[in-house]
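Engineer: Take a look at the letters that make up each chain.
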Amino acid sequence: MIESILRLAIERRFLFLSFILVIVGIGVWSYQKLPIDAVPDITNVQVQINTSAPGYSPLEAEQRITYPVETALAGLPKLSHTRSLSRYGLSQVTVVFEEGTDIYFARNLINARLGAIKSVLPAGLEPEMGPISTGLGEIFMYTVQANSSARMSNGEPYTATALREIQDWIIKPQLAQVKGVIEVNSIGGYNKQYHVMPTPEKLLYHQVSLEDVADALRSNNDNRGAGYIEANGQQLLVRSQGQLATIEEIRQVIIKQNDGVPVKIDDVAEVAIGKELRTGAATRNGVETVLGTAMMLIGENSRTVARDVALKLADIQASLPEGVIAEAVYDRTSLVDKAVKTVSKNLLEGALLVIVVLFVLLGNIRAALITAAVIPLAMLMTITGMVKTGVSANLMSLGALDFGLIVDGAVIIVENCIRRLAEAQHQSGRQDLRERLNTVFEATSEVIRPSLFGVAIITIVYIPIFSLTGVEGKMFHPMAATVVMALISAMILSLTLVPAAVAVIMNGKISEKESVVISAAKSVYRPLLLATLKFRWVVVSGAALLVAFSIWLATTLGSEFVPQLNEGDIALQALRIPGTGLEQSVEMQEVLEQRIKAFPEVDKVFARIGTPEVATDPMPPSIADIFVILKPRNVWAEPSKTKNELLEEIEEALWQLPGNNYEFTQPIQMRFNELISGVRADLGIKIFGDDLDQLTLTAKDILQVVSKIEGAADVRMEQVEGLPSLSVSPKRETLGRHGLNVIQLQDWIAAAIGGESAGVLYEGDRRFELIVRLPELLRRDIEGLKSLPVPLPNGDYVPLEEVATLSIAPSPAQISRENGKRRVVVTANVRGRDLGSFVSEVKKEIHEQADIPPGYWLDYGGTFEQLESASQRLSLVVPLTLMVILGLLVMAFASLKDALIIFSGVPLALTGGVLSLYLRDMPLSISAGIGFIALSGVAVLNGLVMLAFIRQLWHETGELTQSIVDGAMIRLRPVLMTALVASLGFVPMALNTGTGAEVQRPLATVVIGGIISSTILTLLVLPVLYQWVHRRDNKVSK
Amino acid sequence: MNKYLLTLFLLLGVLAPIQSTLADDDDDDEYEEISRINDELSTKVGIVTAKATAGTISQTVTVYGSVTQAPENSHEIYARFPGIIKSVNVAIGDTVKKGDRIATIESNESLKSYPIHAPASGVIVQRYANPGEPTQQRRLLTITNLDTVWIEFRIYPEKQAKVSAGQPVSITINDKTIRSDVAHLIPAEDKPYVLARVKLDNDELRLSLGLLAKGKIHTNEFDVSLVVTKDAVQELGERLGVFVKEGEAYEFAPLVLGKSDDNFIEVVSGLEHGAEYVSENSYLIKADILKSEAEDDG
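Chains as they are written, first to last, in this note's numbering: chain U, 1 to 1038; chain G, 1 to 298.
Hints listed in this document are in silico derivations from the structure and should not be mistaken for laboratory results. Every residue gets a Cβ at the ideal spot worked out from N, C-alpha and C, and that includes glycine. Take the hints with a grain of salt, since some may be wrong.
Stated by the list, open to error - Chain U residues, not near chain G, derived (Cβ > 12 Å throughout):
#, residue
1, Arg-113
2, Met-129
3, Lys-604
4, Gly-659
5, Gly-754
6, Tyr-797
7, Trp-857
8, Ile-1012
To be verified - Selected chain U positions facing chain G (Cβ under 7 Å, derived; list incomplete):
#, residue
9, Leu-204
10, Val-591
11, Leu-654
12, Gln-656
13, Asn-661
14, Glu-733
15, Pro-799
Taking the hints into account, I'd like the entire structure generated from these sequences.
Structural biologist: The following block contains the structure:
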């Protein structure tokens, strides 16, 4: 089959060449659609269901909302698990689906289920699904601020409420139209509300209740349409306008008549524009502000969307009142641009280096160009493939592309063609077309099998990466997929286009000169090879020692999970003790930001405190997400200062501030952490059950047990309590004596302290809530609340403390549930002992010592689980892969011995990888691990090229040692060439220091080091091994 | 052999990093009850200290009540002897002085006319009588004097033990504050509360009857040897206390607390006289001591 394809390609060479146009066309078109981002998206398939429940405490939110929602979702197809969070005023259920589930399918299912439980939920509460976005979704943030000289229409400086109004009603509607933006989330300032604040004394005097006030407002605030009438042939619409529009109109609403005297709102209450009971705030450079976040739809191109949003925001500026400025504070474009620049620089430089090497070593410019042309074509095909398979272009997915590896197949074919064509011309002078085509066909089919074979092996080596799951899987699958796609593209090209191109282009006189480099290398190589063959024991044991040494060296290297992409900006979380109020938090935040801003390197600092309007990240008011945007490095006073040094300085300055705990991270990284949010410790023991107190008790028990076990570190318990609450418990007996029932009392408390919505005020499109609640001064005075008069049905009143007990008591700050059950987690890390034995000891000890009441159960989770499954899978997949490669080799050589000899190149290659890591002072990481994987493939290919030829010679001549020397000498060029192109292709990547280079650097370093060692050792050790293994077969082989 | 070596290596390369990176550093759960903040910074973040001194605790209770008329200031005028009303000299709204002649009645028995004099100064608020009508046994006029009114505060059982006659009270009514004293306590009929009555001079206030008033009755005043501001007190480890400043260190001093009022609280033990304690923004110090507990559990 391969032959017929080849023949066809050569016969119909012009047709095949015209496919280039098709490839380019589709490739360029695909490129437009390729999602480009800085890092791969590691978010799982999840849907957040947020229910905003103003006034609900965590317990009530759980009981009334979270539970019904969770129960309704149970049993959804493809459901992986649910977890939920019930906080003050918010219930959030996160539904995680199995990987690969279509997000729209999932949302449809959820939507249907949510529709079915509407009647179960308390009236007026509406569960809403979060935006269709991922951890990479927060691509653009801006603040809305006013100049100090700017004035509102009433002559006063802009308030936070006014700025929020501008954000909500001018900026947001316009930004939401930008293609690819799924949500514009606001935080900070106050939603404008009209507040009617009655004084209790006046209410009593006029015999009016809070409910009366709210009712009066409700029934005096409506427009009605009344059909139409026809008059004189004209149609007249009838409508009655009764909506309230101004504060003055609200004041004039009549509540009731007392002895013929109307009681107006004005008589009992103050009316003013008030502040909502907000759940979040935003600050910038130490001043309160309004912060907007544009979120990107899943699968969009973040660079394009962020750029469009930025352009739109500039447009919007013109529509803002004078002195109000909407300014971008975070724009993903800059990061993506930098990352793209790094990647394209690496790829371009790599490609150039490869071309130069090809030219120098092949000594034929046309041949070099044909080979080099494979690079862009394979790249375009890969891009098409990426778009088709939904792989996004980012540092990871493009990070392992090495053009050297890609052109390997083409190099072998082209090299052989030139050699054969040159030979043919040498023998018979100029060939006619038919002869030339025949030569090309023969030359190609001669090497096509080994070349395809080599590429296939490199491809297979990447298979274990596909067995990674979870976060690692999401990180590295795109990388492996891209590499495999690129290799397959290259394979297809070398099977079709390359021979066609050779047939068309290599038509003149073919010159083939051995370049100076090769002849010099040969003159060094021969004596070396002879010497090693002589001292084979020294060489073999030396190699073995080297391998042993590098294994030891590998254990001394530090390790990290994945090298962190340097996003260029800093994100940190400031954590305050649970129960800290929003205003207190804002005050602490302002001081903190002034400190950060004092650093000359800092351009902007801004923060989100608490929960934004759409609860994509439900934080309590005690936590702030702070973003520190740095100035470009070239304007720093000391441009050589590293980001880490700056971080340390900032950290030191911040630790002096009282009351804050910090976690330093980076914007995208932080968002991923929030979304994935599983148990991040080695071991997580989840305790499930009903009663929170019992759960806490049991968790404390387990905490004790685990802390005592050897190797346990950082044992801690999830914080459940800690939110002080003012609880108003009704005294049922006295209530009854006064003729009140509990619900009346609760309604009154809710309206008086929390406020009751009494309708909406319209100003054009804008709508603002009308709230009835007690004046701020009364609400805040806890002692005063006790004597607040509660109206009785008979018109009399009684002080609150007479009918209820007021006390301040700690209550749950939040209730977490998982898979429909309350849970508390105890987490632990393990130091100085292996995880497996630790976990089994923990299980045993807990079983023996901890008292788990009936109805409560445990579940063990944490990273140990992933580790266990990953190592199980890898310990199966890796040997299996190796077996497959070995099988292929055995098939090719029909000899297990030869296959094993080729395999010996692998540990030898690894020594170089480890050494280069050590020399560059880099830790082991998954990136480096993947470098090792790629390296094994190259090493096998190297050995293959060498061995195949030696073997062929030996079979031809029957002279073992001579065949080894001759074969090694002839194959020196291809071995050097593949090694050189593969390693030089990675050099720019290894040396680059641009944004994102840190992710690719370890991989490139390992491959370069490994290829150097593997080449040297293949050239020297492999012949020795071959001779040693086959010395007794000498005669048999004939 | 090589195969295993390679397996080992790959596992090493891929797994070793995971295994050891996930352990992150962490503080101990135990916390010291002390926090160090340099003076410049503490001023900046708004920490204010005060010296613990002797002070006065003046306790109050908040009560509500309504303005009522003083019964002694309302006069209803009847005819002494039945007869025919000859004349009425006043109309509604007229001000009369004690002794003014306000009406003349012709007695049925003696057929003599006799005058009715105003029993007290005040304003005519009702007039039922007109010349020519028989008096019968009915009310003719009502004279009311609103120069003084009473406010009757309701004292519910929760507070009854604290309130007694003679205690000063500050009254907020119509957004004005007036000081007065509780004149006496009387039980209210068929009601669960007692009434604390306060007499008010209504000359200038012109309060109307029935108005609701809020009162703060100063129930007790103690001179105590040591007080701290109420805002200074924080709870730490289920104990109440204040933060004492020594140099640049702020240490938690658990206190035994006594009586308290709106602003101050008595210290029974746990603090020395003259000790410098954090009176404002003490929450920051608490937050600082407990900050290692703050974590993001979202």
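Engineer: Tell me, in ascending order, the numbers of any earlier hints that this structure violates.
Structural biologist: 4, 6, 11, 14
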